[in-house]
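Chain residues, written in single-letter form:
There are 2 protein chains.
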Amino acid sequence: MENFSYHNPVKIIFGKQTIARLSDEIPAGAKVLTLYGRGSIKENGVYDQVKAALAGFEWLPFGGVDPNPRYEFCMKAVEYIRKEKVTFLLAVGGGSVIDGAKFIAAAVNFKGNPWRIVAKHAPITSALPIGVVLTLPATGSEMNGNAVISRIETNEKLAFSSPLVYPKFSILDPETTYSLPPNQVANGVVDAFVHVTEQYINPPVNAPLQDYFAESILKVLVEEGPKALSDPTNYEVRANIMWAATMALNGLIGCGVPQDWTTHTIGHELTAMCALDHGRTLAILLPGVWRTMREQTFEKLAQMGRRVFGVADGSVAEQAEAAIDATENFFRSMGMKTRLSEYGFLGTFLQPILHHITIHRHHVIDPDMAQEVLHQRL
Amino acid sequence: MENFSYHNPVKIIFGKQTIARLSDEIPAGAKVLTLYGRGSIKENGVYDQVKAALAGFEWLPFGGVDPNPRYEFCMKAVEYIRKEKVTFLLAVGGGSVIDGAKFIAAAVNFKGNPWRIVAKHAPITSALPIGVVLTLPATGSEMNGNAVISRIETNEKLAFSSPLVYPKFSILDPETTYSLPPNQVANGVVDAFVHVTEQYINPPVNAPLQDYFAESILKVLVEEGPKALSDPTNYEVRANIMWAATMALNGLIGCGVPQDWTTHTIGHELTAMCALDHGRTLAILLPGVWRTMREQTFEKLAQMGRRVFGVADGSVAEQAEAAIDATENFFRSMGMKTRLSEYGFLGTFLQPILHHITIHRHHVIDPDMAQEVLHQRL
Numbered sequence: 008m009e010n011f012s013y014h015n016p017v018k019i020i021f022g023k024q025t026i027a028r029l030s031d032e033i034p035a036g037a038k039v040l041t042l043y044g045r046g047s048i049k050e051n052g053v054y055d056q057v058k059a060a061l062a063g064f065e066w067l068p069f070g071g072v073d074p075n076p077r078y079e080f081c082m083k084a085v086e087y088i089r090k091e092k093v094t095f096l097l098a099v100g101g102g103s104v105i106d107g108a109k110f111i112a113a114a115v116n117f118k119g120n121p122w123r124i125v126a127k128h129a130p131i132t133s134a135l136p137i138g139v140v141l142t143l144p145a146t147g148s149e150m151n152g153n154a155v156i157s158r159i160e161t162n163e164k165l166a167f168s169s170p171l172v173y174p175k176f177s178i179l180d181p182e183t184t185y186s187l188p189p190n191q192v193a194n195g196v197v198d199a200f201v202h203v204t205e206q207y208i209n210p211p212v213n214a215p216l217q218d219y220f221a222e223s224i225l226k227v228l229v230e231e232g233p234k235a236l237s238d239p240t241n242y243e244v245r246a247n248i249m250w251a252a253t254m255a256l257n258g259l260i261g262c263g264v265p266q267d268w269t270t271h272t273i274g275h276e277l278t279a280m281c282a283l284d285h286g287r288t289l290a291i292l293l294p295g296v297w298r299t300m301r302e303q304t305f306e307k308l309a310q311m312g313r314r315v316f317g318v319a320d321g322s323v324a325e326q327a328e329a330a331i332d333a334t335e336n337f338f339r340s341m342g343m344k345t346r347l348s349e350y351g352f353l354g355t356f357l358q359p360i361l362h363h364i365t366i367h368r369h370h371v372i373d374p375d376m377a378q379e380v381l382h383q384r385l
Numbered sequence: 008m009e010n011f012s013y014h015n016p017v018k019i020i021f022g023k024q025t026i027a028r029l030s031d032e033i034p035a036g037a038k039v040l041t042l043y044g045r046g047s048i049k050e051n052g053v054y055d056q057v058k059a060a061l062a063g064f065e066w067l068p069f070g071g072v073d074p075n076p077r078y079e080f081c082m083k084a085v086e087y088i089r090k091e092k093v094t095f096l097l098a099v100g101g102g103s104v105i106d107g108a109k110f111i112a113a114a115v116n117f118k119g120n121p122w123r124i125v126a127k128h129a130p131i132t133s134a135l136p137i138g139v140v141l142t143l144p145a146t147g148s149e150m151n152g153n154a155v156i157s158r159i160e161t162n163e164k165l166a167f168s169s170p171l172v173y174p175k176f177s178i179l180d181p182e183t184t185y186s187l188p189p190n191q192v193a194n195g196v197v198d199a200f201v202h203v204t205e206q207y208i209n210p211p212v213n214a215p216l217q218d219y220f221a222e223s224i225l226k227v228l229v230e231e232g233p234k235a236l237s238d239p240t241n242y243e244v245r246a247n248i249m250w251a252a253t254m255a256l257n258g259l260i261g262c263g264v265p266q267d268w269t270t271h272t273i274g275h276e277l278t279a280m281c282a283l284d285h286g287r288t289l290a291i292l293l294p295g296v297w298r299t300m301r302e303q304t305f306e307k308l309a310q311m312g313r314r315v316f317g318v319a320d321g322s323v324a325e326q327a328e329a330a331i332d333a334t335e336n337f338f339r340s341m342g343m344k345t346r347l348s349e350y351g352f353l354g355t356f357l358q359p360i361l362h363h364i365t366i367h368r369h370h371v372i373d374p375d376m377a378q379e380v381l382h383q384r385l
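First to last, the sequence lines map onto chains L and X. Residue 8 is where the first sequence starts when you use the numbering used here, and the numbers rise one by one after that. Residue 8 is where the second sequence starts when you use the numbering used here, and the numbers rise one by one after that.
Only chain L is shown next, with the shape it has when bound in the complex:
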């Protein structure tokens, strides 16, 4: 096991009818900006629950966050917050809304051009406090200090992290997820699955607890994910997926083990360049990344095959291949396509993506490796 630090101060409030507890968690006298997405929360009753819970506060709604939250939009919120002297930011939605809130919270008091927070990882020294009402289990953003922000004019989708943007609290009511469309359920389950594997399918370092924990989350996603599609108002299924997705990226399973975020990095490029949903890019790329990086991945893939998918026989390479096939079958059972060509993207399409990676991401991703991955996944 490698040395590590772990510090996650997010308060989780989990369960049925918990949105009402907002009023206990937001500091008395706060002026609240409530950030949300494109309006689904007005259809499924979440907005009304939030409104009722905020009755004792001065608050302003600010809707319109896009999937893959945009810098340009976030900066409008920053201006509004400065003008209105908002003191607390409440994110109501999925990872995009929460990530947007984190960037906004960091940008409000930032000196200089805030794009540098993501583009240059310019350090921030303060952030508005954030609270969360989660409506889509997927990104883990409700219990970490990470955010990913996109910029249209440059086709960029970039991440930043800071302990200052951990939510103060996150309310997770599984009932809010009943009305999610199936493609968003699938995106979320795949995203959480890949969060786990990027902290787990790496060279072994004798960290059995981290391995068992990672496998625990994967098993829950594999066992419960398809049930959420077939039985969408099953509370237990929704609760188990929601908690698993949060645990997939709150820092815990990454303690003391190597991590490799190649699939996410290439995935962000695909989303930035082709507007494919984040989860869909991951389902396409993961098998290709694993096969391309077989020296680093096959030993743990064989272990995952045995422990998660019940692979019983074969050499390490055969067990690893069986685990990759089982993973792809699981993604397909969630209704995901797993090939670029299924979305109509042909080989000629790869050139601009690879060019972009060569220019912008060569320090984290070898362009030749990315080329091999993408060609495999046509």
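Keep in mind that the hints were calculated from the coordinates and are not lab data. A hint or two may mislead.
Stated by the list, open to error - Quick list of in silico lysine-lysine cross-link-like pairs, DSS-like style, CA-CA up to 27 Å:
1. K83(L) to K118(L)
2. K18(X) to K38(X)
3. K226(L) to K226(X)
4. K49(X) to K38(X)
5. K18(X) to K92(X)
6. K23(L) to K58(L)
7. K23(X) to K234(X)
8. K175(X) to K18(L)
9. K18(X) to K18(L)
10. K175(L) to K175(X)
11. K92(X) to K175(X)
12. K18(L) to K92(L)
13. K49(L) to K92(L)
14. K118(L) to K38(L)
15. K18(X) to K175(L)
Unchecked claim - If you want the footprint, here are the derived chain X segments under chain L, 3+ residues with CB under 8 Å:
16. 12-20
17. 240-248
In this text, a Cβ means the ideal position worked out from N, Cα and C, and glycines have one as well.
Since the structure of chain L is already known, use the hints to place chain X on it.
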């Protein structure tokens, strides 16, 4: 899954040579009281490492915490802290030292008789900040807000909890555990094992992630525990046990599931009345508690048998019995006795313990049930 809240703000610093990082974690200008036990840290080099790390601070040593920290001793530390105007409490040791620090931190500013904090769960409104250097993986106290305090004059051993006594940070260097005597290693592994089972061997509530996590910790303890006895300076083994013991009682695996602390409650009575080590009381009692409470325990015991101990065949009751036998065999492989008679305690001895439970603990433990457990474990 039941509704829950989870909030654990302890910062963990884990790994080799991490004690030096004390100086970054204690607030500048703090006046530190360094609390420790009966001097083993002066023999194994930990005291010298702490001393070096505290070079930039005004600090006072305060040694002599007993296993099962005593109210009388803690109150001496409270007086000393008040007199010396100490502002930060550093606990260097195992669970007893950390628990003592928590009680001291809570008592320093408490109005009235501080024994009421444990005896009456009188609420505390402030506590001195605490830091930890852990030297014995066992109680999980380094990452929770619980403490157990004993009082000699009344043969009482009682617990309290408060979010105010979470350590600000805990440093876990597995190398500090190389010099532990084998009986303390065994006590620690058994204590952590029982912490898990008291949050896991309960009626099922469809919480598969919590189950898998609990089983993960149990598997690591079962696989790595005996290695710590046979190969005491194996860093990886020590690291895996240390992290597993911390995860066993930091609130995580108890999220959203029923808990039952009968084994610990009767164990505290045994320790208070017969001076048996805490871990030793648990190894004696656990099989008896499980068999006595079979309606509540057998379904999950059978699951533990299958998933942790590889039990393959039989009815639920047979699998549960096999799991109990496997647990007792595991304890014995750690060098633990598992019967009261092995320590020379005979049936006549039980009367004062049962009398004490009837008087003091009847609101948490049915005395008839305790009698059945104790008679089973003679």
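Results of checking the hints against the structure:
Restraint check for K83(L) and K118(L): the C-alpha separation of about 16 Å stays at or below 27 Å, so the hint holds. As the CA atoms of K18(X) and K38(X) are separated by approximately 21 Å, the hinted pair is consistent with the 27 Å bound. Taken as a hint, the K226(L) and K226(X) pair is honoured in the structure, with Cα atoms around 17 Å apart against an allowance of 27 Å. Among the hinted pairs, K49(X) with K38(X) is consistent with the structure: their alpha-carbon atoms are about 22 Å apart, no more than 27 Å.
Only pairs whose Cα atoms come within 27 Å are accepted, and K18(X) paired with K92(X) is accepted, the gap being roughly 25 Å. Of the supplied pair hints, the one linking K23(L) and K58(L) holds, its CA atoms being roughly 17 Å apart against a limit of 27 Å. This hinted pair checks out: K23(X) and K234(X) have alpha carbons roughly 19 Å apart, not beyond 27 Å. With a C-alpha separation of about 16 Å, the suggested pair K175(X) and K18(L) falls inside the 27 Å cut-off, and the hint holds.
Simply put, K18(X) and K18(L) have alpha-carbon atoms about 14 Å apart, close enough for the 27 Å limit, and the pair holds. Restraint check for K175(L) and K175(X): the C-alpha separation of about 17 Å stays at or below 27 Å, so the hint holds. For a cut-off of 27 Å, the pair hint linking K92(X) to K175(X) stands: about 19 Å separates their Cα positions. Distance hint between K18(L) and K92(L) is fulfilled; the C-alpha atoms sit about 25 Å from each other, no more than 27 Å.
Distance restraint check for K49(L) and K92(L): the Cα-Cα separation of roughly 26 Å lies within the 27 Å cut-off, and the hinted pair is therefore satisfied. With a C-alpha separation of about 23 Å, the suggested pairing of K118(L) with K38(L) holds against the 27 Å cut-off. A C-alpha spacing of about 16 Å is found between K18(X) and K175(L), which places the hinted pair at or below 27 Å, so the restraint holds. Here's how the region 12-20 of chain X fares: 9 of its residues keep a CB closer than 8 Å to some CB of chain L, so the rule of at least three is met and the hint holds.
A count of 3 residues in the region 240-248 of chain X with a Cβ less than 8 Å from any Cβ of chain L is obtained; the coverage claim is therefore met, three being the minimum.
Checked against the numbered hints above, the structure breaks none of them.
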